[in-house]
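Asker: Each chain is listed here by its residues.
Protein chains: 2
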Amino acid sequence: MKIYCARHSGFCFGVKRAIRMAMDAMQKYKSVYSLGPLIHNRDFVAELEKKGIRIIEDINELKNSDYTVIIRSHGIKPTILAKLKKKGVNIIDATCPKVRRAQLYVEKLKQEGYFVVIVGEKDHPEVRGLLGYAGENSAIYSEGIELKHRKIGVVPQTTLDFEHFYHAVKTLLPKVTEMKIYNTICDETILRIKEALAIARKVDIMLVIGGKNSANTTRLYQICKSFKPAYHIESVKDIKKNWFKGVKRVGITAGASTPDEQIAKVVNYLKNIKT
Amino acid sequence: MKIYCARHSGFCFGVKRAIRMAMDAMQKYKSVYSLGPLIHNRDFVAELEKKGIRIIEDINELKNSDYTVIIRSHGIKPTILAKLKKKGVNIIDATCPKVRRAQLYVEKLKQEGYFVVIVGEKDHPEVRGLLGYAGENSAIYSEGIELKHRKIGVVPQTTLDFEHFYHAVKTLLPKVTEMKIYNTICDETILRIKEALAIARKVDIMLVIGGKNSANTTRLYQICKSFKPAYHIESVKDIKKNWFKGVKRVGITAGASTPDEQIAKVVNYLKNIKT
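Heads up: the sequence lines are chains R and P, in that order.
When the count follows this note's numbering, it moves up by one through the first sequence with no breaks and lands on 275 for the last residue.
When the count follows this note's numbering, it moves up by one through the second sequence with no breaks and lands on 275 for the last residue.
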């Protein structure tokens, strides 16, 4: 069985950077907290916890001003950032620079008087953060969105797939007179999807590795599934041998929060399968 | 045979206004010239010429400063307007207010440093006029357009159909970081296409009335043709009786430069056909 593993898979730049910053913080400071899990990967987060990075969901859990808090790559609302500053805790801001850029664009649109529409998953931490920068005069895009404004600003979640983004723009366009779009979709997201599609075309089945709660992995899985039989697995444990009967070529890709180690384990496992 | 005639057909607001302004000018002034044919309809233009509105293509033909020149609804480049002013001729500016708005948006985008992309027919007078406002740093949209700029402004021809506009936006979006769109497509254009489609759905054949050199009529015809057998006619003379064999329902629509009188003639002719 031939194995095709995507080069653009696994941890993205922003996630790698956040993990590196967290590791550095652990070396330097005593009580290190992550505001929400650092990445969308249970196993990896459990390992980080063992190493001493505790997860908190509410900033009120930070009782002591000598605590260190890590802002994960998704970023946070400016109001929460302000509260953290007021508390006087040590802040390690690991917001992905591409997310930070999106936040600044949202803020600019707000200042220029646009009604801001964020295109993305409504419960995703990045989207919640962006909305915080957009202020009152904003909304998350939905199919039946009703706009009372003819002048809107549009910013997509950095990990949105382009087809979804374009569909939103197409739906919004006839409803408005002026639309200012910042295309903040990350290049890595685009390359990841492009490469996954190229591989899906030439293989018999696709394995997509990543947390079941990772939005970008789930989307990657859905996209692959529309071309070839595909399986969304969290780790090597989820693989079933009967998937590979008669399979000559298998493709592998992974979401932005999947460690390289996890991908390597899957590749090794597949190398030893007899079909 | 039942006849369904679109309400949103024939002269649009901007064309009606330009004709009214030209008629007024003829009452008031001696030598009245139109810069290019006032509308894209040969018969109507011939009638206007009989009434005394002469057509010129080149402003150098205006030899005398007591001449009156009409700027048609499509508008003109600012450089030509400046030359007309310098000549000291009497200018009747019948640029459609919606085209004028598009010109101002293009000028604004240029001033704000955007690379301006006009989406429309490259030889259409409105598009040539808009390009004049866009300056050097601009282009007409084409399928394989290459952009050296990551910050672009997009303005469509006022009579562009939405699908064409969307397609352009979709092609441009992945190539840029920032896109400011002014949706200048005229409501009448949208209603005209919508109604034509609704009628095409329920009839056996469609007649589309308008000049063969009228871009918006040709597009209307192409759109109808993709749903039902359709014929693009300039006037009642182009109709062939054998089109109506076994036809129970016929639909009629007309481009923005088709006089009501011409539409009425077609309706009357059809009323007397036996199928």
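Calculated from the structure, these hints are not laboratory results.
We treat Cβ as the ideally placed atom computed from N, Cα and C, and that holds for glycine.
Worth double-checking, as some hints may not be accurate.
Said to hold, decoys possible - Under 7 Å between C-beta atoms, here's a sample of chain R residues computed to sit facing chain P:
1. 171
2. 178
3. 179
4. 180
5. 182
6. 183
7. 245
8. 247
Asker: So, for every hint listed, does it hold in this structure?
Answerer: So, going through the hints one by one against the coordinates:
| no. | hint | in the structure |
| --- | --- | --- |
| 1 | 171 | 10 Å, violated |
| 2 | 178 | 6 Å, holds |
| 3 | 179 | 5 Å, holds |
| 4 | 180 | 5 Å, holds |
| 5 | 182 | 6 Å, holds |
| 6 | 183 | 6 Å, holds |
| 7 | 245 | 39 Å, violated |
| 8 | 247 | 33 Å, violated |
The earlier numbered hints that this structure contradicts are 1, 7 and 8.
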